[in-house]
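J.: Spelled out from the first residue to the last, the chains are:
There are 2 protein chains.
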Amino acid sequence: MKALQRKRPHVVIVGAGFGGLQAARALGKAPVDVTVIDRNNHHLFQPLLYQVATAVLSPADISAPIRAVVRRQRNTEVLMAEVTGVDLERQEVITHERRISYDYLIIATGAAHSYFGHDEWGAYSSGLKTIVNATSIRRRLLLAFEAAELEPDPEKRRALLTFVLVGGGPTGVEMAGAIAELAHKVLAGDFRHFDPRESRILLLEALPRILPAFPEHLAQRAQEALTHLGVEVRTSSPVEKIDEEGVIAGGGRIPSHNVIWTAGVSASPAGKWLNAEVDRAGRVKVLANLTLPDYPNVFVIGDTACALQKGKPLPGVAPVAMQQGRYVADVIRRRVTGQRFPGPFRYRNKGSLATVGRSFGIADLGKLQFAGFSGWLLWLIVHIIYLIGFRNRVLVLFQWAWAFLTFERGARLITFESTAKSPVDEPIEELL
Amino acid sequence: MKALQRKRPHVVIVGAGFGGLQAARALGKAPVDVTVIDRNNHHLFQPLLYQVATAVLSPADISAPIRAVVRRQRNTEVLMAEVTGVDLERQEVITHERRISYDYLIIATGAAHSYFGHDEWGAYSSGLKTIVNATSIRRRLLLAFEAAELEPDPEKRRALLTFVLVGGGPTGVEMAGAIAELAHKVLAGDFRHFDPRESRILLLEALPRILPAFPEHLAQRAQEALTHLGVEVRTSSPVEKIDEEGVIAGGGRIPSHNVIWTAGVSASPAGKWLNAEVDRAGRVKVLANLTLPDYPNVFVIGDTACALQKGKPLPGVAPVAMQQGRYVADVIRRRVTGQRFPGPFRYRNKGSLATVGRSFGIADLGKLQFAGFSGWLLWLIVHIIYLIGFRNRVLVLFQWAWAFLTFERGARLITFESTAKSPVDEPIEELL
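Top to bottom, those sequences are chains A and B. UniProt numbering numbers the first residue of the first sequence as 1 and each following residue consecutively. UniProt numbering numbers the first residue of the second sequence as 1 and each following residue consecutively.
It is possible that some hints are incorrect.
Keeping only pairs whose Cα atoms sit at most 27 angstroms apart, straight-line, the calculated DSSO-like set for lysine-lysine is [stated by the list, open to error]:
hint, chain 1, residue 1, chain 2, residue 2
1, A, Lys129, A, Lys272
2, B, Lys29, A, Lys185
3, B, Lys241, B, Lys285
4, B, Lys312, B, Lys241
5, B, Lys185, A, Lys29
6, B, Lys367, B, Lys310
Bear in mind the hints are in silico, worked out from the structure with no lab data behind them.
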């Protein structure tokens, strides 16, 4: 690659998620050269990934090409490459093909789902962090019903129609609601040899309550909404084992071919790259200005960072990452232009939202807390506003309206790798 | 599967393409039980598949769940299964798991692309018949530009940016136009180390002219439109070889990493299942009523059939398949209800359409023949009308309008199988 003749400081951003993209955009007019490196060519709007997994939206609806997002920033280039390490002494980012030198480095590589040391569970369950995760889950969900139509044995059919979500956080709750509606409403009437409404959807949470990040009374309302949709919520049910037969939790075995893991995440390998001190989730411990100790030109943000506020680590949510991205961009711009340090990063929590099914949501805006249709409406508005690109907004809004009015799902699509020959003939596990 | 207690004749339809789905719908009110068997869970609107391959539309936009299409037909069941053969004597369709007995059988399994005995070419080029084909081509197209951004060697970059379409039929012509617009318009400005407008798009045709199915003067207009879009059209250039370096055609070698094959198709293996007489393309030779000789209750339609009209075989296009599907449904309904035979199948050719780029099309409606924006508009209207489902129509229309007005592409998404680790690091061939 023709090396740019750089007179200006070079900012390298690894990862084009919420944090990295905000940083890149905020540096668009700064007197620096910016290089955004991502293994994918697109930014992914993860909060709606569960809607791809449940056949509401298509992957492209919640993705935006990184190049298109920063096209008009002439100081910004995008490299699609896999970062394998960082050379802190030489100030270089290492990819498979080359080393890219930096003056300032922003690590925003996010997190992956984690089985808390039980990686073998990954063979029998799926996490939900990438588009491939989402389309695999979509395929398994839809194939389970197809296989049930062909399954004469009632017990085996029951296992096919039992969907277990591990983890009572927002993702688990939203997935459970969406799967319940898929089974009990969308697919009702589509089969001749069984009734999809027989399907069981279980939500397992190890703690005594779901949605621990929300106030008790809102979580309670969400649980009632889930129950109303036909989801069995089991709290204080830590998972002991996941195998080809299903899940063992709270002492009992739940036969299931469809286990979805939303219980835990661990940060990207950035901690190893930087040889830095990390927390239990593998997140890099950073200083109050989000830099790596002893490396004031290396920033770590978003799910990859363990940043403390009032002694407590900030949650791994999009708003934190976005605010951190804008903050580090501001810090860098001020340093380059010789302005004074803006002071330590402070997260302003604008509140949290979660949705259960097609018309119920909970909103915790600090003083203002409410649940119901109004919560769902706020959830919808906020997500549409933050979704990148007018086109995607219109497409998603239309498809939501369509799904809302007709109970249809637009993306009921089972696709296979070129290698896979036949659909229902192969064990569903293999399709993960 | 709980066998249905059938008092009524059982019609088994293999394949839910244009022909099979038309037959199923036409039998919805007939006094028969209908079973539709397909390896996929969705009907695919193949005429727009090239728009998935060129990042205009998402796979789900041109797909409809078969179950949803026939949901209201209580006499119709859908089985997602892979048919492996037919037992004509026992009147049974054989799938991996079971045999399904029929009183009437409709084979509508379509065609696959064919390399005319050069299957080894498949390793270095891709056909366009399935959604997996389309997303693979999309991935390769987009990755070629990503790799070019990282490629210092001008010769290698030139090979990455050379796109060769083999076959001057409608698919090749429409793909060429769409790729030219992607390279010269959509991606212009998205890269910093090369100009996507350097890209070469070649359309190779073995015959002396493209679009042989169209009148000479319309094909000429289409060729001018392609040239205007920057496509190099080479007629009388039969392909001699396709390998990892590119294509050898008309004596010369064309270095290219992106070869797309639209030159030939061969029918599904139905001919072997039926142990029937087939033509050179593997299509089953059927009688004037579309039945298999000696088997008046076995029908073969669409791309799988070689049906003669005025001594000439009918073309493998959607209108033929749809009219044949309705015809065989009519024949079966009449037999079951004791009405008289409707007479041999006659194809009514309503005309042919092809489009070049975003605002030019050709239309051959027999007496009425025209080219230009009007041809494109007619193409658009016809395709929207035949696209199944109001939702898909709105989504596709909106995305076309968006692409037309902004020159953006909505589905610029590179996705990988869970196995694939890193994007640009692996040879593009492997991503096929």
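J.: Going through the numbered hints above, which ones does this structure break? Give me the numbers in ascending order.
T.: 3, 4
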